[in-house]
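**Q** Chain by chain, the residues:
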Amino acid sequence: MKEQSEIKLHLLFPLKTMIVMAVVLLAISMTFAFRSRNNIMGNTKNDNAINTDSAESVKAFMQVYKVLMSPACMNCHPAGDAPLQGLDGHPHTMNVKRGKDGTGLYAAKCSNCHQPQNTPGSHTPPGSPDWQLPPENMKMIFQGRTPHQLALQLMNYNQNGHKNKEQLIAHARTTLVKKGWDLGEGRIQPPMSYSSFVIVWDEWIKKGGYAPGQ
Amino acid sequence: MISLIVNQKPYQVEVDPNMPLLWVIRDVIGLTGTKYGCGVAQCGACTVHLNGEAVRSCVTRVSRASGQKIVTIEGLSENNNHPLQLTWQEIDVPQCGYCHSGQIMSAAVLLRENPNPTDKNIDEAMSGNICRCGTYLRIRKAIHMAAERQKTHTIL
Chain A
1 MKEQSEIKLH LLFPLKTMIV MAVVLLAISM TFAFRSRNNI MGNTKNDNAI NTDSAESVKA
61 FMQVYKVLMS PACMNCHPAG DAPLQGLDGH PHTMNVKRGK DGTGLYAAKC SNCHQPQNTP
121 GSHTPPGSPD WQLPPENMKM IFQGRTPHQL ALQLMNYNQN GHKNKEQLIA HARTTLVKKG
181 WDLGEGRIQP PMSYSSFVIV WDEWIKKGGY APGQ
Chain B
1 MISLIVNQKP YQVEVDPNMP LLWVIRDVIG LTGTKYGCGV AQCGACTVHL NGEAVRSCVT
61 RVSRASGQKI VTIEGLSENN NHPLQLTWQE IDVPQCGYCH SGQIMSAAVL LRENPNPTDK
121 NIDEAMSGNI CRCGTYLRIR KAIHMAAERQ KTHTIL
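Chains A and B are the protein sequences, given in the same order.
Under my numbering, residues 1 to 214 are what the first sequence spells out, in order.
Under my numbering, residues 1 to 156 are what the second sequence spells out, in order.
Everything labelled a hint here was simulated from the structure, so no lab data went into it.
Note that the structure is predicted; figures quoted are calculated from it, not measured.
Virtual Cβ for every residue (Gly too), placed ideally from N, Cα, C.
Careful, some of the hints might be misleading.
Chain A is faced by these chain B residues, among others (derived, beta-carbon under 7 Å) [what the hints assert, rightly or not]:
hint, residue
1, Val28
2, Gly30
3, Leu31
4, Arg56
5, Ile91
6, Asp123
7, Gly128
Cut-off 25 Å, straight-line C-alpha distance, at most; resulting in silico cross-link-like pairs (DMTMM-like, lysine to aspartate or glutamate) [stated by the list, open to error]:
hint, chain 1, residue 1, chain 2, residue 2
8, B, Lys120, A, Asp81
9, A, Lys100, B, Glu53
10, B, Lys69, A, Asp202
11, A, Lys100, B, Glu14
12, B, Lys120, A, Glu136
13, B, Lys120, A, Asp101
14, B, Lys141, B, Glu53
15, B, Lys69, A, Asp130
Please work from the sequences and hints to get the whole structure.
**A** As structure tokens, this is what we get:
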């Protein structure tokens with residue numbers, strides 16, 4: 001019976017055709033595997049509407065990376081459980097800790113000193129209504145990440161605060177992200193303007209959210 | 001006009017909404033137990049409770065506290081008998097005393113959220129409260145003692 005079915009299959013599809021079909025099927029499956037690796041998202045419905053140009057996407061991300069690794073962003077995305085301060089990224093004074101939800105611990109919660117707005121004066125506590133670190137169960141670390149690692153992390157739904165591409169694009173418009181360009185007197189801004197950052201951020205994501213090589 | 005509830009008592013104050021809460025507490029309402037230290041949230045002398053959290057009143061605009069509940073050192077207990085206050089007296093924690101209103105208000109949040117704090121927990125809660133006299137070891141000891149005391153004491 002087995003031999004008979006193999007013979008029938010050969011009759012229907014000559015060997016050459018079967019090899020071509022196998023190659024095509026392999027190529028299709030690899031394409032989907034690559035896409036899913038670069039879009040580990042909860043909702044990828046918007047994938048069909050975007051132009052996936054990996055070279056331009058990666059180029060845009062390298063601009064994004066410079067901003068995310070600047071103290072204005074990285075100081076609240078530390079590798080450890082203490083926020084960072086200053087251009088040299090030293091641990092926050094006062095032994096401040098992340099806490100379970102990212103808002104600090106006990107009498108040292110972020111909003112005890114960081115007000116809904118900046119405090120007047122040079123190097124006084126900057127402020128925003130939602131000032132905090134990422135939570136303990138999803139630390140969203142920037143510090144020490146290579147461009148490759150950070151891009152993959154930002155595109156990973158399980159590591160980026162459960163955001164799909166639309167939500168990532170919206171995230172760049174939040175008060176807390178904008179705050180990176182308005183941290184009060186005496187602080188240096190990220191290496192490009194906010195409006196330029198939004199352009200490269202959007203471009204990176206809309207062109208596929210690709211990660212630079214390792 | 002801004003409405004405040006300070007130590008369970010309602011107040012209406014006619015002040016600039018940007019005025020630091022500390023000025024309102026001390027100069028308008030007249031509760032001077034809370035101290036001015038640095039004015040930029042670096043020392044903790046001005047710590048009060050805003051809806052139960054240990055905020056720095058020197059940088060907190062009074063508008064943020066509008067309609068909210070504030071507790072100062074004068075309102076921490078009815079008869080200065082909070083376990084922390086009793087223990088502070090028992091082992092003479094203060095030297096000059098200037099920072100200790102803030103120290104106690106911060107410690108009160110710690111004990112509320114963690115009734116059995118370790119030394120590490122105390123450091124995490126209290127490192128933002130500076131004491132120029134260096135009474136840190138007595139502060140730590142007093143917090144441990146107050147933690148024991150509050151097991152048989154009802155806190156407001």
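**Q** Indicate, hint by hint, whether the structure satisfies it.
**A** Comparing the hints with the structure gives:
1. A distance limit of 7 Å between C-beta atoms decides the matter here; for Val28 of chain B the minimum to chain A is near 20 Å, and the interface restraint is violated.
2. Given hint, Gly30 of chain B at the interface with chain A, is violated; its Cβ is 24 Å from that chain's nearest Cβ, farther than 7 Å.
3. The beta carbon of Leu31 of chain B comes no nearer than 19 Å to any beta carbon in chain A, farther than 7 Å, and the hint placing it at the interface is violated.
4. Given hint, Arg56 of chain B at the interface with chain A, holds; its Cβ is 5 Å from that chain's nearest Cβ, closer than 7 Å.
5. Evaluation of the Ile91 of chain B hint against chain A yields a violated restraint, the C-beta minimum of about 21 Å exceeding 7 Å.
6. With its C-beta approaching chain A no nearer than about 6 Å, Asp123 of chain B sits inside the 7 Å limit, and its interface hint holds.
7. With 7 Å as the threshold, the beta carbon of Gly128 of chain B comes within range of chain A, its nearest partner Cβ sitting at about 4 Å, so the hint holds.
8. The hinted pair formed by Lys120 of chain B and Asp81 of chain A meets the criterion: a straight-line CA distance of about 14 Å does not exceed 25 Å.
9. Only pairs whose Cα atoms come within 25 Å are accepted, and Lys100 of chain A paired with Glu53 of chain B is accepted, the gap being roughly 16 Å.
10. At roughly 43 Å between alpha-carbon atoms, Lys69 of chain B and Asp202 of chain A are farther apart than 25 Å, so this suggested pair is violated.
11. In summary, the hint linking Lys100 of chain A to Glu14 of chain B is not supported, as the alpha carbons are separated by about 39 Å, beyond the 25 Å threshold.
12. A hinted pair counts as satisfied when its Cα atoms are at most 25 Å apart, and Lys120 of chain B with Glu136 of chain A qualifies at roughly 18 Å.
13. With a C-alpha separation of about 19 Å, the suggested pair Lys120 of chain B and Asp101 of chain A falls inside the 25 Å cut-off, and the hint holds.
14. Proximity of Lys141 of chain B to Glu53 of chain B is assessed by CA-CA distance (about 23 Å); at most 25 Å being required, the pair is judged to hold.
15. With a CA separation close to 20 Å, the supplied pair Lys69 of chain B and Asp130 of chain A stays within the 25 Å bound.
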